[in-house]
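Colleague: Take a look at the letters that make up each chain.
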Amino acid sequence: MRCELQGADIDPLVACLRDDVPPLRRLRRIAFWVGRDSMAVGEQANSFFEYLNLFFLLDATTMFFGARELRAHGAALLRVIGAVGDVDAAMSVASLRADLQEGATWARPRVLPSGSPTTFAEMQHPLIDTARAVPNSIALAPGRGVLITGSNMSGKSTFLRTIGVNTVLAQTINTCFASRYEAPVFHVRSCIGRADDLLAGKSYYIAEVEAVLALVRASESASPHLFLFDELFRGTNATERIAAAESVLRELIDHARPHAIVTSTHDAELVDLLRDTHDAYHFPDTLSPDGLVFTYRLEPGPSPTRNAIALLQLHGAPPALIERALRRAEALDQRMRE
Amino acid sequence: MDAVFASLDRTESTLGQQALYHRLRSAPAADHADAFEALVTRLVGDEALRGRVRRVLVRLQHPYGYDLWWLAQPDAIQTRPWHVIFTCISALAVASMWAIPFWHGAVLLLIGIGVINLLMRITTSRRIAPLAGPFRQLSALITAGDALRTARRRHRSARRLPAR
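Going down the list, the sequences are from chains A and B.
Position one of the first sequence corresponds to residue 1 (this note's numbering), numbered consecutively onward.
Position one of the second sequence corresponds to residue 1 (this note's numbering), numbered consecutively onward.
Because the hints were derived from the structure by calculation, they are not lab data.
Among the hints, a few may not be true.
Stated by the list, open to error - Derived CB-CB ranges, DEER-like: (1) B:Gln78 x A:Arg25: 18 to 28 Å; (2) B:Ser26 x A:Arg327: 50 to 60 Å; (3) B:Thr150 x A:Ala121: 41 to 51 Å.
Glycine residues also receive a C-beta, built at the ideal position from the N, C-alpha and C atoms.
Chain A extracted, bound-state conformation (with noise of 0.2 Å):
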């Protein structure tokens, strides 16, 4: 039992290490002929140290005396390490607070019960600089999953992990880059920025099947999760991860249990199949003769554009490939229309 921390106020960790240090004093006066560190008390200090050392073996002498105190109050010890711990950590989320006030958005988290819809009001990623972060909201209803469209650097993945790591700073230092955090405490689980795994001879593909298994399993799960998922199976043709990808996120909002799941996608084809169970967001974008002009702004609705072969284009490639690209384009989007 870490019996630094409850109650209220900072008195019940005072009161425990009101307890805890008194028996470990003897430790610090045997712990004093060890030395010190060159960082507290200097090297000319620490050379002094070796020295008598070298004549009287204080060190053996004294982990021979300081391993009996060390047996007998290594309960208080580990207490006060906690402690002293504990209360770094909440000087270290005060100042953390005490800098947002000066710029960034915070908020502390309101923890609804398991089952209620969740919002997430002007969030921002805390590794974005604020000046140029753009805050978005979004809101999640149980039992509905959300689908987010938009181009490459359109800020989707951003997004996720935007929510995934507000999600974990609300749950665990109750601080959160919003202006509004209302959700139940949900399990975090994403599927965002695989990689192939050449040690164990997996493929990409493969260590995505893996990991949006082990998913799936844990949506059995009757606690709320969170579920984040960055292009789902990106790593195959388009037929079978269109399939795959509604089985899947169908798999996760059949069980009807309270979870939150928010994909991102490039596949218009993914959000028409799954209308009936998600709503659609998009990043939206304009071309410009400089190239892709993004808001970040997530905004309702599927994305209107598709910006890949005018990006080619905008590159440089030769005029005929692109003619060529923009006629198969339209022959695809014919046959899937049939």
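Dock chain B against chain A, hints included.
Modeller: Just chain B, lined up with the frame of chain A:
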């Protein structure tokens, strides 16, 4: 998450770093959230206490502090009865140093003990060196615990002093 930790970390000590990292890695939620929040709120609202605590914690910055918890484990340092020889040699060194003014041969004895100690240190250094580092942090830790124990009391007394 490690990058987020590095960006949020404002701890002063290695023990604080460990505690904060452990808290961030606690799933789904960290223990004693209400008590932790109360502690944070208490520190946010009391700048003088925060300054006092910071001065105490700053002594615990050496990386050996990461291994302190290990010293607290049962039998972290295993001793044998014959280890008492270290104490005997230390006592003999003190005695021979004390005897030098009365018996000059004690100088040779002290040099001999120094050589024996050197050999012993060479043979035992592999086992003692990893323990000595965290052991050196014990003094700073217990002093910090002592200071935190009385920090609030002293702070209250200070508040009662009339403002100059």
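Colleague: When the structure is checked against the list of hints, which entries are broken? Sort them ascending.
Modeller: none
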